[in-house]
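Take a look at the letters that make up each chain.
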Amino acid sequence: MYKYDDYDQQLVDERIEQFRDQVNRRLSGDLSEEEFRPLRLMNGVYLQLHAYMLRVAVPYGTMNSAQMRQFAYIARKYDKGYGHFTTRQNIQFNWPKLVDLPDILTDLSKVQMHAIQTSGNCIRNTTTDQFAGASYDELEDPRPWCEIIRQWSTMHPEFTYLPRKFKMAVTGAPNDRAAVAIHDIGLRIRRDDQGDLGFEVMVGGGLGRTPMIGKTICEFLPKEDLLSYLEAILRVYNQFGRRDNKYKARIKILVHEIGAEKFAELVEKEWEEIRDSVLHLPAEEIEEIQAHFNPPAFEVLPAHSSAYSEKVSSDQKFAYWVQNNVREHKQQGYAIANISLKPIGGIPGDINHQQMDLVADLADQFSFGEIRSTHEQNLVLAHVKRDDLYDLWQRLDEYGLATPNSGLITDLIACPGLDYCALANSRSIPLAQRISERFGELDRQHDIGKIQIKISGCINACTHHHVGHIGILGVDKKGQEFYQITLGGRADENAKIGKIVGAGLSTDEVVDAVETLINTYLDLRENADETFLDAFNRVGETPFKEALYGAGKK
Amino acid sequence: MALVKNNLVIKDAWINLDDEQDLPTGDVIVSLERWKTERETLLARSGQLGIRLNSDENPDQIIEDLAVFQVIALNFPTFMDGRAYSYARLLRERHGFDGELRATGNVLRDQVFLMHRCGFDAFEIAAGDNKALQIWLDAQKEMTTFYQPTGDGRKTAMSLRQRKRLAKAVS
Ligand code: HEM
Ligand code: SF4
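Sequences listed follow chains P and X, in order.
Mapping of the first sequence onto this note's numbering: residues 1 to 554, in sequence order.
Mapping of the second sequence onto this note's numbering: residues 1 to 171, in sequence order.
Since the hints were made in silico from the structure, they are not lab data.
Ranges of calculated distance between the beta carbons of each label pair, as one might list FRET restraints:
1) D56(X) to G29(P): 32 to 40 angstroms
2) K168(X) to R209(P): 51 to 59 angstroms
3) E64(X) to A503(P): 53 to 61 angstroms
4) G153(X) to G259(P): 37 to 45 angstroms
5) D56(X) to K477(P): 32 to 40 angstroms
6) K77(P) to D98(X): 50 to 58 angstroms
7) K168(X) to E261(P): 42 to 50 angstroms
8) A66(P) to K168(X): 23 to 31 angstroms
9) Q21(X) to K269(P): 36 to 44 angstroms
10) R242(P) to D22(X): 35 to 43 angstroms
11) R154(X) to E261(P): 32 to 40 angstroms
12) D129(X) to K77(P): 39 to 47 angstroms
13) G479(P) to D22(X): 58 to 66 angstroms
14) E493(P) to T78(X): 35 to 43 angstroms
Distance condition first, Cα-Cα at most 30 angstroms in a straight line; then the derived DSBU-like pairs of lysine-lysine:
15) K110(P) to K168(X)
16) K164(X) to K3(P)
17) K36(X) to K262(P)
18) K3(P) to K77(P)
19) K3(P) to K141(X)
20) K3(P) to K330(P)
Glycine included, every Cβ here is placed at the ideal spot set by N, Cα and C.
So here's chain X without its partners, still in its complex pose (with noise of 0.2 angstroms):
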């Protein structure tokens, strides 16, 4: 398993806690359960909180404490269960959450690049290092034009069209 971020791949520095294990101390990514039910311990820590969702988990239930987290992972069950897209845009583009929103599980070459439209920006890939680099830079490369406006800043064929209309106006 690699997570890659930044075009790198990282050392992951975040414990994923099961719901079973005690708390320690350091950076830890929870379950939404465990963060409903023990709410007030977690908050009273000094370590750096994280949740993990669930595909049908939908992230509403976290909108009011979205500040207290530093990192979201968003569970892909299998590659073909798309509800979190919805999550990430929502979450990135409505609610303004900047921290890391992480791809978790089934996560793949051929779906990589559309997670990362949709606002993720660290991607839990089962490969060696090497691999998992490779697979995020070469999904990175295939799309040069797209004509959806998301938050990710890419340019829409649309916004593209318009300025060069307007650039053969002004000449």
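So here's chain P without its partners, still in its complex pose (with noise of 0.2 angstroms):
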């Protein structure tokens, strides 16, 4: 993974000490809150229900174990203990006092960690592919590009002031895992037709209010132009989106008012000026940062291996396990492991520094030293040799991390809602911790398969409640939490808003509801292969909104 030179360093620590004096002149009152706010959200420091929270950025969702052991002394020293992996594959820290920050940054900077940009109105961690660099099914690993893109990004003298947050997501794979179509920008690995890769770039994607699929505004761009097309974007967006409501002001609306078209016509127009200017990207810069993210050394393994093949048919309980968990590794002998922080019943995404010391151990020990952080809400060991998979397991699940649930309906994803936000209508945290044991039961999750259920506590959408399976929104009304449904989302290539149902449910009817449209969708399959998507695209959305509502109401 990337290592930071003396450059990077440098400028994470003058940036720490920028923030040490700003938190400084903020204690003193020579800033005002009003002052303070966007540099401290520059800082990733929100001001939550209850206290500060600290998120600290996880470029690309990708860490190393050394980084994992800085977040759990973190959690130990200046927090209740725990962490909180996000949909944006960074973590977050719920009870930092004001006055530690500085310190907490300073901890971080000597594991290359900071928490810079991952708020306010600037260009956010670049988010990637969790299996990057591991998958069979990529083109090329995502990953130094997301580089590119962060050194470009980080501090931008041009953008650091924009309408509003800005997202990118990037995949190296045709199976989309990052969700490249609800972001700001999505990049989309591809070859052209003489085999050259490139990117199809798309703008214009996101949530919230008005969600939206991003389009594509370029089929096919060179590598070596990648920050100039970034740059002409982001100068049409910075001079040409909305300033004057903050509900309009995402890239999304810009692209919708003025229509994709014109959009790229000037984003071409702006491209031309800067095309061959110093952003041009020389081969030898991308492949000096490609050498940073160089495979591990595999060691040749044979195909087949017979005291794994052993285990899986003697230990029905890790055969679960790898059914759910394991995915193929493009390595022969190799498997990508996901560490599930979906315990039946817990918090998603939440995780504990006992925890997290040992997933930096066992990243030493079977993963070259690498984890990732998935959107999510779960880890990755992207590189474990299949016949380490067992003793793997076995330690994982010691401290309650092998729940054996990727992709099944218990692998909930969740914002932390009215237990912390601000913005919350209603709670996510409970309701799924509800749905989880309601549905806890491994047998009757491999019987529903595949679903994902995403739940926010309001409309910023921050699960991405739009592109769930299933999407639960926390909706007011008159002062009670409210849960609004949304069916048929998906967030992958063939991404796609979700329908909304029908009327708000009460707390007390939220989780039967679900299970109505879980039985609604077994009765109504033609087999077990057809996953609920596939059966709600099937036959609409009709049968559902019938069972939920009783026939003939709308």
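Assembling the complex is the task here: the two chains are given apart, and the hints tell you how they should meet.
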């Protein structure tokens, strides 16, 4: 993975001193809260319902064991012993004190981490496929491109006060695990007719109040032009994005209002001017960055291992874990292991400091010291020898990290909601826990098969509920918590916004309602291979609506 | 209010003219509106001319006339409104404006450095002379690593890395 050189380190060190000074000026009253707010946000510090919250960037969801150990240390020393992985592959600490923040950032910088631009109207951490560099289906590892974007976007002098936050995602595989279509810019690595690799560029995806799928404005962008093209998009957005209404300020609204074609024209015109400028990426520079992501020293392993097969057939619990949480690796004899942060009845994405230390140790022992976070709020060890899987699983199991539910109904995605978030209408975490418990039995989960439920506590859609197979949105009805359900959304290469099925449901009704939807699906599916989403696409919303609200009702 | 330029607080020699005010002698900064309506009169005067643009007034509208202006003042109605960063870079780097590029409005300690990187060279800071100068000097020292090439001439991390590699290859 990427290692800082002196320049990267110096920038982060200077930035911490800058923030330390800003915190001091705030504490001394030199800065008003209003003036301090955007500065702290630019350093990842939010004010939540009960306390400050620090969001630490995990660039494109890749971290090493030393960084994970540092998270454990920070959780112990400055927080209540745990952290929370988010849908943007970052980690949040919920209880730091303002005076401690500069020290926390200093501790982070010792392991090449920071919280720069994890909030605010600037370019945020770029996210990607959690299986990058490991998956059988990828054209190229997307992470070097994310790193190139990281550097270009870090403290960009022109784009630090954009109309609104700006999020990018990159996928290197045709099976999109990075949800690129619902980002302000989505990049998809693809081949042109000559066989050269480049990017399909999508803009204007995003959810929130006005959910939209991104539109392709460039079918094929040569790699070396990436930064000039991004700069052109951002420059058009910075000048012409709306600033009169913060709900209309995301780039999706600009693209929608002037049309994708017109937008593409403006970008093209700007790009022509800067295409051959210093932003043009020299081949050696690309290679230099790519070298940081060279595959680890894989051993040559046989295609079959009888020891492993024996464990799978003799230990049913292990076999289930393999079936659900282990994915195919491009290197023969290796596997990708998903670590579930969704224990039955637990808080999605939460991890305590003992577990963090364990994951760090296991990464050192089994996966070249490298760990991934996923936008589904789980962790991944990307390069595990198949023959090590059993040992790995046993150790994970001891610490409650071996729930075999990756991609199943209890692999729920939920935002902090009313338990933490000042913007929430309703609680998300307790609802996730109740659904998880209702469907906790593994046989039942297997029967239901692949399905994704996403719960947001308000319309900001921090969990992307619009693109959940079942999306649950917390709404406020006369001071009561209500939940609105959408069906049929998806975030993959066929991304689609789900449909709202009907009136909001009360806290008491909503878990039953989910069960009704699931039972309806089980009744009407053609066979066990037809997933919830496939069935929904075949029959439409009516049977689900009728099951929830009764026939004949709207 | 202090005007900081070239590491000094300088006396503002320009008259920032209201649209209603009669044209005085001397150097004046006028609004876009006034430039559009009184163009001929303004060109016929002997004093120097500057123009001020609000953040919703894209400098595209004056690109043909750039040579006329010795000062362009770009306003930040609030520091959260970042449009003028793009305007400044375009004026300097694309259109070659080499007069004074003045930042006005909500110009604060934590943004002046970004402004400088984008091509501003004069800053109207709402503070006494000493404080304003200190704000500028402190902000200048804060960062020494830069990832983005702009027209300000500061060396980027990428160019320094390339130089290092070249040096290594030669030795
Ligand atoms: C203090 C807690 C939080 C606050 C105040 C907050 C606030 C917001 C707001 C206001 C938006 C909407 C922006 C817009 O549409 O213009 C948003 C979007 C988003 N947030 Fe959060 N958020 C919080 C926590 C989180 C967490 C924990 C996650 C990850 C689990 C997250 C992930 C996202 C994502 C992915 C979006 C983009 C949705 C889209 O595509 O429009 N946020 N957040
Ligand atoms: S979706 Fe709403 S409630 Fe949930 S974290 Fe985001 S802003 Fe808070």
